[in-house]
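J.: Sequence:
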Amino acid sequence: MFAGTLLVCDADLPANCTFLWLGTIASSDNKVDIIAFRTNSTADFKPMLEKDLASLKSMEQTDNVKAQIAFIQKILYQMSESVFVKTPDKALLDGAAKGLKLSKLTADDVVYLSGVAAVIR
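In terms of the numbering used here, the sequence shown has 64 at position 64, counting the first letter as 1, and numbering is strictly consecutive.
Among the hints, a few may not be true.
What the hints assert, rightly or not - List of simulated lysine-lysine pairs, DSS-like, C-alpha gap at most 25 Å:
no., residue 1, residue 2
1, K101, K86
2, K86, K57
3, K51, K90
4, K104, K90
5, K104, K66
6, K46, K57
If you are wondering where the hints come from, they were derived from the structure by calculation, not from laboratory data.
On a predicted model such as this, the values are computed, not experimentally measured, just so you know.
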């Protein structure tokens, strides 16, 4: 089974959101979480995540904050390793666009991170 994260631009997110988990697309062998960022450029994803990470590290380290830190660190690590950065197929882009109520998404509009989550025998 594969698990992935599709990072998409959505400049219309509320002003108090840097990024927002929007949902999951699942099939028999793939699960993809969709996260929208309040920006028009995928180049902004990393700086936005790094800024939120720094802010979270300055907070009281509750279980929730620790989980958020771990999630952001995982995404930043995957973004830095080419083995995780994939080109999404058309069906995934179309499904995500439909869920986001966008006319369409292209590979240039997103960052798709994917890897093996489990081996099913």
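J.: Honestly, which of those hints from before does the structure not fit?
T.: Hints 2, 3, 5 are the ones this structure does not satisfy, whereas the remaining hints hold.
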